[in-house]
Amino acid sequence: MSWQLLIGLNLFALLGISVIPSDKVKELKRFGLWMSVLLMGSSWLLYGRCEEALQEGLLFWLEEKSPFWFEMFGFDFQIGMDFLSYYLLWLSIFLIPVSILCSWESVVARWKEFLICLFLMEFFLINVFLVMDLFLFYCFFEAVLIPMFLIIGIWGSRERKIHAAYQFFLYTLLGSLFMLLGIIYIYLEKGTGNLLLLYETSFSVKEQIYLWILFFFSFAIKIPMVPVHLWLPEAHVEAPTAGSVLLAGILLKLGGYGMVRFLLPLFPIATLYFQPIVYVLSLIGIWYSSLTTIRQIDLKKIIAYSSVGHMNYVVLGLFSNSVEGVLGSYYMMISHGFVSSGLFLCIGILYDRYHSRNLFYYGGLVQLMPLYTTVLFFLTFANFGFPGTSSFVGEFLILLGLCGSNSVVFFIGGLGLLLSTVYNLWFLNRLSFGPLSSFLTANMDVNKRESLILILFLVLVFFFGLFPSRLIETVSWNVGALDYWLNDALFV
Amino acid sequence: MYGIEKDFSWELSIQGKVILFWVVLLLIFGWSWVNQTNWSFLFLNSYVVDGWVITWKVFFLFFIFFFLFFLKKEKSSFEWFTLVLLFQLATFVLLSASHFLVFYLSLELSSFILYLLVGSRRESLDSTEAGLKFFVLGSFGSILLLIGVVLCYGITGTLVFSELILWSEAGYSPPYLIALFFFLVGIFFKLGVAPFHFWIPDVYHGSSWSVVYFLVVISKIGMFGFFLRFVYTVCIIPFEWISFLFFWLAFFSLWIGTLGAVNQVNMKRLIGYSGISHMGFLMFGIGIGNGFGLMATLSYFWLYVSLNSLWILLLWWNQVFSLHKLKEFFPWFGFLLAVAMFSITGVPPLSGFFMKYYLWFGLIQIGNYLIGFLLVLFSVVAAFYYLRLIRMFFFSGWYWSGSISDSWREVGSLWFLIFVGYFSLFFFFFQKYVYVWLLEGIGV
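The listed protein sequences correspond, in order, to chains F and U. Using our numbering, read the first sequence as starting at 8 and increasing by one per residue. Using our numbering, read the second sequence as starting at 38 and increasing by one per residue.
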C-alpha cells in the first residue's frame, strides 16, 4: 500500500474534480490543493520502501507481482523504484501544489479543466517513475505531452502560444517516435521490455550504437541539447507560470532520467563510443545558451536559456564516466528543479503585478518590493551555483568528475560557469538595482500565499546546499552500479 | 428550442421502423457470429459466408446503425433511408462476393448510391459539380476494374475466386498478373489510394457532412473487407511483388495525403486528404505481407473507422448545434473531441497509438527500418494538422456549445460517441485481448 495509495489518491482527485461543477471555483481550487498536498505527504511511504531496499542491499525496490489491474488485462509489467527515480517522483509531486498555489489568482478561467490537466500530468509522471518497463515508460513519457500541450495552448497568454505549443509537441513527438522504433527492436530481439531482464542481457556493439542514437535523439530533445533546443524557450515563455514551473521543474528531467535509466546501463559501449560527440554538443550547448542568455530581454527567456545551459552540464556529468560526475548530474537535476522553477515563480509574481516580462521596463525593484528582491537574490545566486546553495554541490561534483575524465572538457565547461555568473548577476542587477524605472508604480510586495511558496523553495535550496549527504548517500549505491556497468564495458 | 420534436412517434416514423429493422438484423447476424456454425459457399461458389465475412458484416451493421441516429438532421430523410438500405444490401453482397460478376454488380450498385448521395444537395453548385465529377471518375475506375475482370476471364476462363486461386498457385504468367493489376487499380480507385485519389478532395468538398461520413467510414468498410479477402486469398502473388507494389502505393498516398492536408483550410478537404494518408498506412500494413501484417492492417482499419467516425460526427454535430445557438456549455463535446484528436495523432495511452504501433512492429519484424523512419516523419507531419483541430476548438476560448435534448435520437447519438470515445480512451487496457483475438482469427 504505498504506490497504490499514490495512484488511487490521484485517480480520486481526478474523479472529484470532474464531479464538482465548474462554476464552483473556490471549492475546486481547495479540493485540488488539499488533494495534491495529501499526495505529497503520501509519497513519503515510497521513501520508506526504497529505504528498505537499500538496507537489504538491493538495487531496486520491486513489486513482486504486477498490479492486479495489469494482470486482469493481460499485462505482465514490472513496478519498481530506487532512489534515482524516487527523488524525481517526489519533485514532480511537490511541484503540483506549488503550481496550483501560484496560479491561484493568475488563472482566471476554466479552473476545472486546468486542475484536470495538472492531475493528469501528475498521474503520468508518477507512472513514468514507477514502471520498470521500456514500453510503459515510453507510453507515459509521451502521454505527458497531452496535458502540457493543453496547458500551454489554453492558459498561455499571447498569440505566440500556438506556435510554442506546436513546437513543444512536434519536437518531442519526433524524438520519442524514433525511440519507439528502438524499443520495438529491443522487444523483437530480446522478447521483453522488462528493465531488470534487459540489464542482464547485452547487445552487440553494432546494435548498441544504432539503438543509442535512437534513444539519445529522444532524450536530447527532451533535455534539450543544442540543435534541438528551440522548443524550450518558446514553450517556457508562452506557458502560464504553472506550466513553466512544471516544464522547468520536471519535464526536462525526464530526458536526464531516461539517460540514467536506459541509455547508460543498456548501451554502455555505445555510451563510451559516443562520449566525445556528446561532450562537444554539450559544450556548444553551454556556451551558446549562455551567450544567448546574456542578450535576452524577456525575463522568462533568460531563465529558459539558462536552463538549457544547466541541463547541458547535466549531460556532461552523465557522460563523464565517473561516479562523481553522474552523482553531480543527478544532484544538479534535483537542484535545478527547485531553482529554475523558483525563478519562474518569481517572474510569474512580477508578471501578475506589472503584466510585462520585458526587462527594459524594470529597474530598481528593490525599492518597491524588498522581500521579493531578497528571494530573487538568493535564487539567482543559487542559479549560478553559489557555495551554500544546492546547485553548487551539483556543479562541483560534475566538475570533479570531468576533471578526472577529460581535462580539456573540464576547462572549457568550467569557463562556461563564469558566463553563467555573468548573466545571472546582469539579470539581477538590471531588475532590482539602479534607479527606479518610471514604468513601475507602487505595488504590493509578495503576499502570504506567494511568500509561502517562495520560503519553501528557499528552504529546499539551502537544505540541499548545506546538507547534501543524505541524497548522495541514498543515490550513490545505484550510481555506483551504473559506473560498474560502464567500466565493465571498457574492458570488454 | 431545438430538440423538442412533436412530429415523432414510434408508430408513424419511418425512422423508427428502419431502426427496428436494423436491430433485428444486428441480432440475427450477431447470433450467427457468436455461433459460427453454418459457413457455406452458395450459388456455385460465388457467394461465401464464413467467419471473416460475418465479422465484417456485424461491424458494418454496428456503424451504420448508429449512423441512422444522426440522420435525423438531414432534410430528406425518406430518400436517405431508402438509399442507405440499398447500400447495405450492396455492401453485404460485396463482402460475400466470391465471383467477379457478383462483385462487380454489387460494387456498381453501391457506387450509384454514392453518386446520388454526393449530388443530393440540388441547390448547391458544389454538390452538383462533385456529383458529376464523382460519377465520371468513378465510372472510369469501374471500367478499369472491368478490364481486369475481362482479361482475367480471357486468360483463365473462369470468374469464380475458388478456381482463380488454383491459377494463382499454379504460376504467375505476365498476362494474368496484368489482369490482376488492372482489377486492383480499380479497387484502389474506389478506396482512394494515391495515385488514384483525384476525385477525393473535390467530392468531399461538395458533399454534406452526412455524405462525407458515409464516404469516409461506411463506404470504406465493404470495399476494404472485400479487398483484404481478395488480396490474401486470390492474389497469392510472390511476396516481393506484392510488397513492392503496396509500398509504392503507400508511399504515394502518404506523401499526397499528408502534404495535401497540411495547409488545408477546408475541413472536408482535410478529411479527404487525411483519409488518403490513412490509406497509405493501411497499404504499408498489407505490404508487410505476413500474418502479423494482416493483423496490423485489420486493427488499423477498425481503429481508423472508429476514430474517424468520432471526429467527423463531432464536427458535423458541432455545426448542427451552432446553427441553433444553444448557449449551455456542453462538456462532452470538448472531451470527446480532445480524445479523438489526440488519439488519431497517435499519443500513447489512446487507441490511435496502437494502430501505428503494431504497424511499426510489423515493419521492424521484417527488417524494413527505412519505411519505419518514413512513417515516423509522416506521422509527425500528420500530428500537425490533427492538432490544428484542437487549436481551433480550444486555444482561442471555446465557442462550441450545446446541450442535447432528451429525444432518444440525440441521446442515442451521444451514447454512440461516448462509447467510441471511451473505447479509444481505455483501449490501452484491453488491447492485448483484441490482438490475441485478431491473431487467433487470422490463424497466425
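A few of these clues could be false.
[Claimed, not checked] Not close to chain F: a few residues of chain U, all C-beta gaps over 12 Å, as computed:
1) ILE215
2) VAL302
3) VAL376
4) ILE401
[Claimed, not checked] Selected chain F positions facing chain U (Cβ under 10 Å, derived; list incomplete):
5) GLU59
6) ALA60
7) GLU63
8) GLY64
9) PHE131
10) ILE153
11) ILE169
12) ALA172
13) ILE191
14) ARG302
15) TYR491
16) LEU493
Treat the hints as calculated values from the structure; they're not laboratory data. Don't be surprised by glycine CBs; every beta carbon is placed ideally from N, CA and C.
Do the hints match the structure? See the list:
1. Look at ILE215 (chain U): its CB is around 37 Å from the nearest CB on chain F, clear of 12 Å, so calling it non-interface holds up.
2. Every CB of chain F lies more than 12 Å from the CB of VAL302 (chain U), the least distance being 16 Å, so the non-interface label holds.
3. The Cβ of VAL376 (chain U) does not lie farther than 12 Å from every Cβ of chain F; its closest approach is about 10 Å, which violates its non-interface assignment.
4. Distance check for ILE401 (chain U) against chain F: the nearest CB is about 5 Å away, which does not clear 12 Å, and the non-interface claim fails.
5. Because the beta carbon of GLU59 (chain F) sits about 31 Å from the nearest beta carbon in chain U, more than 10 Å, this interface hint is broken.
6. Here the hint on ALA60 (chain F) is broken, as its CB sits about 29 Å from the closest CB of chain U, past 10 Å.
7. Taking 10 Å as the C-beta contact cut-off toward chain U, the hint placing GLU63 (chain F) at the interface is violated, the least distance being around 33 Å.
8. Given the 10 Å rule on beta carbons, the hint for GLY64 (chain F) is violated: about 35 Å separates it from the nearest Cβ of chain U.
9. A distance limit of 10 Å between C-beta atoms decides the matter here; for PHE131 (chain F) the minimum to chain U is near 8 Å, and the interface restraint holds.
10. Taken as an interface hint, ILE153 (chain F) checks out: its beta carbon lies about 5 Å from the nearest beta carbon of chain U, inside 10 Å.
11. For the restraint placing ILE169 (chain F) at the interface with chain U, the shortest Cβ-Cβ distance is roughly 6 Å, inside the 10 Å limit, so the hint holds.
12. Annotation: ALA172 (chain F) was flagged as interfacial toward chain U, and the flag holds, the nearest CB pair being 8 Å apart, inside 10 Å.
13. Satisfaction of the interface hint for ILE191 (chain F) is found here, the shortest Cβ-Cβ separation to chain U being roughly 5 Å, below the 10 Å cut-off.
14. Because the smallest distance between the Cβ of ARG302 (chain F) and any Cβ of chain U comes to about 30 Å, over 10 Å, the interface hint for this residue is violated.
15. The closest approach between the C-beta of TYR491 (chain F) and any C-beta of chain U is roughly 31 Å, which is over the 10 Å cut-off, so the hint fails.
16. Taking 10 Å as the C-beta contact cut-off toward chain U, the hint placing LEU493 (chain F) at the interface is violated, the least distance being around 28 Å.
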